[in-house]
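One letter stands for each residue in the lines below.
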Amino acid sequence: MRFTKDHEWVELDGDVATIGITAHAAEQLGDVVFVETPEVGKQVKAGDAFAVVESVKAASDVYAPISGEVVEANPELDSAPETVNASPEAGGWFAKVKVSDPAQFEALMDRDAYEAFLQTQ
Amino acid sequence: MSDTETLKTTPLTDDHVARGARMVPFAGYSMPVQYADGVMKEHLWTREHAGLFDVSHMGQARLIGVSPLSAFEEVVPGDFIGLKPGKQKYSLLMNRQGGIVDDLMAGRPTTPDGALTDGLFVVVNGACKDNDFKVIDDELAGQVEVKRLEDRALIAIQGPEAAAVLNALVPETAAMAFMDIRALTGFGTDLIVSRSGYTGEDGYEISVPAAEASRVWNLLLEDPRVRPIGLGARDSLRLEAGLPLYGHDLDETVSPVEAGLTFAVNKNRREQRDFPGAARVVKELAEGPARLKVCLRVLEGAPAREGAEVADADGNVIGVVTSGGYSPCLKAGIALAFVAPALKAEGTALKVIVRGKAQAAEVVKSPFVPHRYVRKP
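If you read the protein sequences in the order shown, they are chains A and B.
The first sequence begins at 1 in the working numbering and counts up by one.
The second sequence begins at 1 in the working numbering and counts up by one.
For the record, the hints were derived by calculation from the structure and aren't laboratory data.
Glycine is no exception: its CB is placed at the ideal position from the N, C-alpha and C atoms.
Some hints could be false.
[To be verified] Per label pair, the in silico range of CB-to-CB distance:
id : chain 1 : residue 1 : chain 2 : residue 2 : range
1  : A       : ASP101    : B       : ARG355    : 36 to 44 Å
2  : A       : GLU39     : B       : GLY28     : 41 to 49 Å
3  : A       : ALA80     : B       : ARG355    : 46 to 54 Å
4  : B       : ARG270    : A       : LYS5      : 56 to 64 Å
5  : A       : ALA80     : B       : ALA279    : 31 to 39 Å
6  : A       : LEU118    : B       : GLU222    : 33 to 41 Å
7  : A       : SER100    : B       : ARG19     : 44 to 52 Å
[To be verified] From chain A, some residues computed to sit far from chain B (all C-beta separations above 10 Å):
id : residue
8  : ASP6
9  : SER67
10 : GLU69
11 : GLU76
Looking at chain A on its own, in the form it has when it is part of the complex (with noise of 0.2 Å):
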């Protein structure tokens, strides 16, 4: 798993990357109430907003960590947005990617990495 400083995780499998955010983000956010999940098919660049999950307060955007065609949104979110604080790095995952520059996840952090990054908060 690979995380930004926008504190989105990445896990690839294959060519597919599953994206969430991290459980430090849900945590920051606190209860979610909404996820607004991309559509199937649509073409996402790394770094722009991708998808929207608000809480009580306010909505915040969710950037593509990685580049390529989004091939699945998770369904659970409509129904359950919760999932993202109970399950944030696994259950809570918002969309898969089928990744056009495999080169991409290879530059983000790894947990260690985004662990010290945390500490620089």
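We have chain A already, so just place chain B on it with the hints.
Below, chain B without anything else, positioned relative to chain A:
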């Protein structure tokens, strides 16, 4: 506010930090937006038990003068000459164009034996207080002295168990009804207590000397029914109660008629037309305003927040959301919006535009969650 500007603190700032609050800048102060429980749990706790709020950023003052009530009527549309001792009243500081400079509470605190205390006690919004008190001072120069009470904190206790908690500690508060205000001795110090609040629940607002605030705050929190509540839940609670927030639902362009606050424009004042902006207000009362505040329930999709456009069933933009969010009690998006008055009726089907998507919404009655004020204790 820039980072280089120093934020003010309240007498309770250290207590918030000690209890794990997340502090944010608000109205020039460092204020708790939430504690460890988070906005959702804090909101529901207040609806079920008792929530404690630090609202010391708000402006407190006494207007002292020969006849402060009649003087005050020169800047607000309410009947203050008729305000009975021991009562407070919601009102609006008006500009000459009929817009709202701020909304406020003003009352005549009495002691438990019925004696009237000095002048008119006024509480205004924190972000507006310097301007409000300057406006009052300028407009009423020579009639009242604005004596700001900057050495006092303000603590609100709200929720169905708030009365039981406070009544046990300060027995004189038990006989108070909604909008009663008393000057009393409690917690071993001098208090100004009103039975009112900003959540739609029963509860009290307690003005306490700054030096005693931390002790009172922590004493109230010793009761297991009481938890500290941040500004995040304060906002979602007031939204469910259909109560406007100055700077969002109200501003200098919005009239009391547009805002649905005609109850604050008393009958005798409408006839006398002697408050700032009366010409516009009386005209709008007779002919209807150009826009009107309504309550919207969002029926699908994301919550509609401030700035979201409102469209009619045909897709024509006819209004805008002035504050909106997620209702923890209704588990749906709710919003206050201005719309064309023709679309004000309950049940009117409208759309809210969120991130380019038109989502179904419906005009519903105010408040979203029923008020539970105690009018007869």
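Here is what the structure says about each hint:
no. : hint                            : verdict
1   : ASP101/A / ARG355/B: 36 to 44 Å : violated, 27 Å
2   : GLU39/A / GLY28/B: 41 to 49 Å   : holds, 43 Å
3   : ALA80/A / ARG355/B: 46 to 54 Å  : violated, 21 Å
4   : ARG270/B / LYS5/A: 56 to 64 Å   : holds, 58 Å
5   : ALA80/A / ALA279/B: 31 to 39 Å  : violated, 54 Å
6   : LEU118/A / GLU222/B: 33 to 41 Å : holds, 35 Å
7   : SER100/A / ARG19/B: 44 to 52 Å  : holds, 48 Å
8   : ASP6                            : holds, 18 Å
9   : SER67                           : holds, 22 Å
10  : GLU69                           : holds, 21 Å
11  : GLU76                           : holds, 17 Å
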